[in-house]
Every structure is written in structure tokens, then in C-alpha cells.
Amino acid sequence: MYAVEEKNDVFTEELKLNLGPQHPSTHGVLRVELKMDGEIITASRCDIGYLHRCAEKIGENVTYLQFTPYTDRMDYLASMNNNLAWSLAVEKLIDVEAPERAQWIRVIVAELNRIASHLIAFGTYGIDIGANTPFFYAFRERESIMALLERPSGARMLYNYIRPGGVGHDVDDQWLADVLAFCDEFERRWKEYNTLLTNSHIFIKRTANIGVIPKDVALAYGCTGPVLRGSGVKWDLRRDVPYLKPYDELEFDVPVGEGTHGSLGDCWDRYWVRMREMMESIRIIRQACPRVPDGPFMDKKTSGMYKTPLKPKPGEAYVRCENPRGELGFYVVSEGGTSPIRCRTRAPSFCNLAVLDVLLPGTMIADGVAIIGSLDIVLGEVDR
Amino acid sequence: MNEQELHGKLSGAGVAGLGELDTTGPDPFVVVEGSGIRPVLSFLRDDPTCRMEMLHLVTGIEREDRIEVAYHVSSLEHHHSLTLKVVFPRPEAGGHDDWRPGVPSVADIYPAADWHEREQWDLLGIEFEGHPDMRRILLPDEWIGHPLRKDYSYPSEHGGIPLELDAVPMYERGPDWEREEKVRKAKKEERKAGTPLRQPPAPGSDRPHAGGQAPASSKGQRHVIEPHSGDDDDGKSGAH
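As given, the protein sequences belong to chains Z and H, one line each in that order. Positions 1 to 384 (the numbering used here) are the ones given, in order, by the first sequence. Positions 1 to 240 (the numbering used here) are the ones given, in order, by the second sequence.
Misleading hints may appear alongside valid ones.
As the list claims (entries may be wrong) - No farther apart than 27 Å at their CA atoms in a straight line, the calculated lysine-lysine pairs in the DSS-like style are these:
1) H:K150 <-> Z:K57
2) Z:K57 <-> H:K85
3) Z:K57 <-> Z:K35
If you're looking for bench data, these hints aren't it; they were derived computationally from the structure.
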């Protein structure tokens, strides 16, 4: 028999592991420093800033209107919603309200963009877990949405369509009819997603009871959007603090996590909140399309600002909007000049990501990937 | 409750360091002394009629005569929100890039403040006293200065990489028409003199179009690809 010689240099120790910044499951350039005990994470530290473009500094050097395209580049998967929040902040500063037609168009395009953004969350989450197929299904429908949004805005991803005072271009009746046709098609497709991923036994095993965020932790860390609602808090700005008039008149539910397959606030709950939100957005679009009134799509007072730069009175405005990822806030401070002196962004992904350092310790490394995916971050917005 | 009532509630409770309510702008805010921010935020969070569960934002604002730190808090239960501000007047002497106003950290009251305060330190150089883990968050650890300051001077290099910034950016300067005209004329004359602009590729050369002009090369010799000389503008589009 072989005698095993005892060796003194064989030992176990804590392993430091760098997850990212170039890693497919970090959804961009996120770096997480992990301390590992075997397969179990004992400590984690997020390192962000790899995509820092100093958008806030740029905001202080360009005019109010010129900053709108920069907001596209923050959360590049939900550009319409970013444009909307920025436009509302500027409108609050200059005390202008968009015409009614513009408001209804804004609701439709913002909800379409919300579906497109959640489709990415759904597709990439499948890839994180190891299911490659749903991604292609998700991108098929996202393609239809991008084709729809391209028609009024001229762009497929970074729209610069919603502008202070209204929207950039008008939509026609054919477009509205096509949007409604898309809604019918999407409803059928959505059922396919559930057979593909939602009710998959493996998927549930990988996500239920993983990454549980209790309600109080979510609130303390300022989590918003599906992350907060996944923990069972019924809070949606569209319902609770309507920032556009039509949201007051439309009927829709706010899906919250229920702990269907495990504890309340786990990865599966956050995922399921996003899936149901897509259907609520379809419901909103269905109601909104026939109700788009006739009239101007751009406020007359603000149309002058396209020739001479806008100069709001000294003051400050903070506006929050319900983005696909949570509450996006713009805090704009004016001193009467053509550009703001401070242009602060409350990025939902930034706040949602802060909770990651609390969630990771104690979990397996493979679950860590599931947790990062369930937060659905966009690094363009985290770093700005 | 609106901001007026919230301010009344705060002053009624006798929280130390509370200032006046400012309603001049579109969004009203309450001014708080630097030392009072912690008791005020604790009160707002714990009082059952205020119940500000969520801290949205910590923002530093640099103005000509002062630096402000703004806190946005809101309540999910009561659907109200409030802005608080700590103001630091700029000192007569030394109120420049190296001036670091300090405010107590609220990261233990609202864990959400942790990253926001780190960001404000990183970009604006506001010190948050008692912060559990004060490091730069967006910029590299070895970065010097705080870029959101108005008098921030851009570094000439970072980690050995030169960061030469044009005094006037290219998009404002526009194309140099005089130079373009000179280049166009020179090319025209060259053509008149009969020199071909582009030499035909050498027979047997495996990369005939590499670098525009590939010198004739014999077997066994290394290819020497000359850098692209000037642009290939043949004068047709010179008029712009």
C-alpha cells in the first residue's frame, strides 16, 4: 500500500476572489471583491466606478436641453424613462406643464420602454442561472418594441424623445394601432416565458429562498422598484405619487412579492414582480392608446427655448419617477444661468446595489451570481 | 403633511439645531445646523407621524459663497417628503479647492447614506465625520482632488497616461479651414506635376492595400509599411 507522506505545506486558507469587472454575470463593469471559505462567501465589497463618465459635471457645463441626451446614457435600457424624469425636473423649474397629448404619449412610450427593460432583465437572468433559451425569446419581443419606438423618435436605444415641454415628435394613429397590436401579441408571448423559465423546476430551485431582502433592510438601504416590491412593500410612484396626470386616471395593479416558492423577498419574488409588471404595463398601454387626445405635442412657451437657451429662475427642484429599476430622481439646482449649478442624479441601481454587500456574505458563490442578477443593475446608471 | 406642517412638527418637538423653512423655490427646504442633522433625521425617522423611512439622496452643492449639503427623505406610509439642508459659508481665507467642510455622517441612521456620502466625499470633498468606511467610490483611490468642485484643475496625466485636454474642444473649434485649403492646394499641384497619389501595389505583395502605400518588397525582406501620409482627399470633396 502507499503511505501518504505528511506534508507541512498543505493547508487551507481564506481565498480572495475578484468577480469582475469583466465577468458576464456582473451585467457590466462591476467588480466585487469576495472573501471565500471554500464555496461560501464570507465577505464582499463592491467596487464601482469603471463606467464613471462624470455626467453630473457635464450637466453643469451644458444647457438644460443639451443634457437630455446624456440622461439616455445613464440607464441605457430605459432611456425614455430617464428622459421623462429629466424633462419633469426642468419643467418643474420653469413652471411649465406638458400638453395633454404629450402626457399620454409619454405614458405609452415610458411603459413600452419598461417592458423592453424588463425583457432584458428576464432574458439575462435566465443566462445567469444557466438557461440560455429565454434570452432569445426576450430579444425577439424587445426588437418589436425598439421598432415601435424608432418610429416617433428615430432611434432604437437612446431616444432623446421626451423633452422639456413635451415630446420630440408627434405620433400618428397607425402607430397607436400598431402598439395595440403589439400588446395582443405580447400577451401570448408572455405565457411562453412562464413555461420556459418562471415555472421551471430548476429555475425555482436556483432562485427561491436565495438572497432574501427583508422589508426593513430594503427600506433602510433605499431600495426601490422591483427590489422593494419583491420584499412585499406596495409602493409604486405611479400609483402613490403620480407624476404624470394620466397615471391618476388609469387602472393598474402594483404587483408585490408574496413568497410563493420560499421566503418573502427572495430572488424569485423579485423576478416574478418584474414579470407581472410587464403585464401591468400592457394593461396601461391598452387603456392609454385610445385615450390620446388631439392637440399640440409640445408646449408653446418652451418651444422658444430651442432657439435661445433656457434660463430658469434661481431655485431647485427634485423630481422622482418610477423607472423599471426603481425611483430615478433628478435634483436640479439653478442660479439663473443657462446651465444648472448642480445636477444630481439619484440612480435606482446605485441604491439597489448598495444592499449587495449585506446579501452576499453567507451564500454560495453560485447563488451570488443569482443575487446580482436579481437586483437587475445597469452599470451605466450606477457610475453615471 | 406638507413641508410647513413637518417644519412645525419639528420645531414643536424642540429638536436642536433646526433652522427656518425656505419656500422661495419650487421645492421648499428646511435649513439645519451641521450638528443638528443627526437628531433631526433620527426624529423624522422614528416619529410615528413623520415616519421618514427612506433617505433618497445626499447631495453637496457648491455655490459661490457657500457649500450646502442637502438630504432628501420621504415617507412611504404618509406619502410626504422633506428636504433638509446644512449650509457652510465659505471662509474668507482658504475657501478654495482644499477647503473641506465637515458634517456628521448619518450612515448609521440610514444605511443608504453610506454610499451617497462616499460619493459626495469623492466628487466634492465634503467630509462626513464618523463614516464607517470612507473611501473613494467612483474614482480610483489614488486620485487627487475632487472633480465636481468649481475650481478643480484637471490633471495632466493619470498613471503615466497623458490627459492633454484642448483649451478649446474640437467640437467648438471646428475644422481648420485654412489648413485644409493648403493641403488641398498642395495636392492639386502635386497632381499637376504628375506624381501619382497612390502607387500601384507591388506585384507579389501579399498585403497590397496595407497602409495605403506598400513599398515593393523582395522575398525574404521584411515588409515596411509606411505610415499613411496625409489624407486621401483628391480635391473632389474639398469644397464642403
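Status of the hints after comparison with the structure:
no., hint, result
1, H:K150 <-> Z:K57, "holds, 9 Å"
2, Z:K57 <-> H:K85, "holds, 21 Å"
3, Z:K57 <-> Z:K35, "violated, 35 Å"
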